[in-house]
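Undergrad: Position chain A against the provided structure of chain S, taking the given hints into account.
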Amino acid sequence: QKEVEQNSGPLSVPEGAIASLNCTYSDRGSQSFFWYRQYSGKSPELIMSIYSNGDKEDGRFTAQLNKASQYVSLLIRDSQPSDSATYLCAVFDQTGANNLFFGTGTRLTVIP
Amino acid sequence: EAGVAQSPRYKIIEKRQSVAFWCNPISGHATLYWYQQILGQGPKLLIQFQNNGVVDDSQLPKDRFSAERLKGVDSTLKIQPAKLEDSAVYLCASSLGYGNTIYFGEGSWLTVV
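If you're matching them up, the sequences are chains S and A in order.
For what it's worth, my numbering labels the leading residue of the first sequence as 1, then goes sequentially.
For what it's worth, my numbering labels the leading residue of the second sequence as 113, then goes sequentially.
Source of the hints: derived by calculation from the structure; they are not laboratory data.
The reader is advised that the hints may include incorrect statements.
As the list claims (entries may be wrong) - With a straight-line Cα cutoff of 20 Å, these simulated SDA-like cross-link-like pairs (lysine to any residue) come out:
#1 S:Lys42 with A:Thr213
#2 S:Lys42 with A:Phe177
#3 S:Lys42 with A:Lys183
#4 S:Lys42 with A:Lys195
#5 A:Lys156 with S:Lys56
#6 A:Lys123 with S:Ser40
#7 S:Lys42 with A:Lys123
#8 S:Lys67 with A:Gly211
#9 S:Lys2 with A:Pro173
#10 S:Lys2 with A:Glu218
#11 S:Lys42 with A:Gln171
#12 A:Lys156 with S:Asn7
#13 S:Lys56 with A:Thr213
#14 A:Lys190 with A:Val131
#15 S:Lys42 with A:Gln153
#16 S:Lys56 with A:Asn212
#17 A:Lys195 with A:Val167
#18 S:Lys42 with A:Gly140
#19 A:Lys156 with S:Gln80
#20 A:Lys156 with S:Ser69
#21 A:Lys156 with S:Glu5
#22 S:Lys42 with A:Trp221
#23 A:Lys183 with A:Ser199
#24 S:Lys42 with A:Asp168
#25 S:Lys2 with A:Ser170
#26 S:Lys42 with A:Gly211
#27 A:Lys156 with S:Thr104
#28 A:Lys156 with S:Tyr39
#29 A:Lys156 with S:Ser32
#30 A:Lys156 with S:Glu45
#31 S:Lys2 with A:Gln171
#32 S:Lys2 with S:Tyr39
#33 A:Lys183 with A:Asp169
#34 S:Lys2 with A:Gly152
#35 A:Lys156 with S:Ser52
#36 S:Lys42 with A:Glu218
#37 A:Lys190 with A:Thr213
#38 S:Lys2 with A:Gln153
#39 S:Lys42 with A:Asp169
Next comes chain S alone, as it looks inside the complex (with noise of 0.2 Å):
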């Protein structure tokens, strides 16, 4: 069984700060690496894609990863109250079915 890990926190960071939000997984073959939002009583939402060892940087956002420890993060840089929510690491099964392994998120709390 793959496992994706993540502190489930709750993470409170100030308005303005930066947020770091951590994931390690146990398949040392995977390749597709998410970084899904969801709010309170809505559904996931897919706000970044990692696919090589490095950074990608969208806005405000800047996911990083590294295969060879396994951990893959999320910055969020002037982090704003609406970015409160849930941030689920979610890692890509390479074994021939076409699904996706979730951790069980980290609760972050933007205080104003």
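TA: Below, chain A alone, put in the same frame as chain S:
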């Protein structure tokens, strides 16, 4: 572009009753998924369809859960009889195919009392 549609959004049933959830994926998406998300946990795959064939149902409790996608478009997930531990959000998702982005519907919230 219309998203993944699900109904009903909310359902409360007593244990041992039955319930059915419906999903209409994004147009043209060949792959359809049903995930179960229990409060405080990440989504867990129940079943995956490619067109109208089952790709993976290894995590589906087949003694009480069933799902079908007869014409390769809409899908129905049924639970009979329901247990208290089935209380969760049932998320339908779809994608164009292997390696493509997976998009989620709003979910169907089930409470079993």
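Undergrad: Please go over all the hints and tell whether each is borne out by the structure.
TA: Do the hints match the structure? See the list:
no.	hint	verdict
1	S:Lys42 with A:Thr213	18 Å, holds
2	S:Lys42 with A:Phe177	24 Å, violated
3	S:Lys42 with A:Lys183	28 Å, violated
4	S:Lys42 with A:Lys195	24 Å, violated
5	A:Lys156 with S:Lys56	27 Å, violated
6	A:Lys123 with S:Ser40	18 Å, holds
7	S:Lys42 with A:Lys123	16 Å, holds
8	S:Lys67 with A:Gly211	18 Å, holds
9	S:Lys2 with A:Pro173	19 Å, holds
10	S:Lys2 with A:Glu218	26 Å, violated
11	S:Lys42 with A:Gln171	23 Å, violated
12	A:Lys156 with S:Asn7	18 Å, holds
13	S:Lys56 with A:Thr213	17 Å, holds
14	A:Lys190 with A:Val131	6 Å, holds
15	S:Lys42 with A:Gln153	14 Å, holds
16	S:Lys56 with A:Asn212	18 Å, holds
17	A:Lys195 with A:Val167	26 Å, violated
18	S:Lys42 with A:Gly140	24 Å, violated
19	A:Lys156 with S:Gln80	29 Å, violated
20	A:Lys156 with S:Ser69	25 Å, violated
21	A:Lys156 with S:Glu5	14 Å, holds
22	S:Lys42 with A:Trp221	10 Å, holds
23	A:Lys183 with A:Ser199	29 Å, violated
24	S:Lys42 with A:Asp168	25 Å, violated
25	S:Lys2 with A:Ser170	14 Å, holds
26	S:Lys42 with A:Gly211	24 Å, violated
27	A:Lys156 with S:Thr104	10 Å, holds
28	A:Lys156 with S:Tyr39	18 Å, holds
29	A:Lys156 with S:Ser32	18 Å, holds
30	A:Lys156 with S:Glu45	16 Å, holds
31	S:Lys2 with A:Gln171	13 Å, holds
32	S:Lys2 with S:Tyr39	25 Å, violated
33	A:Lys183 with A:Asp169	18 Å, holds
34	S:Lys2 with A:Gly152	19 Å, holds
35	A:Lys156 with S:Ser52	25 Å, violated
36	S:Lys42 with A:Glu218	6 Å, holds
37	A:Lys190 with A:Thr213	26 Å, violated
38	S:Lys2 with A:Gln153	15 Å, holds
39	S:Lys42 with A:Asp169	25 Å, violated
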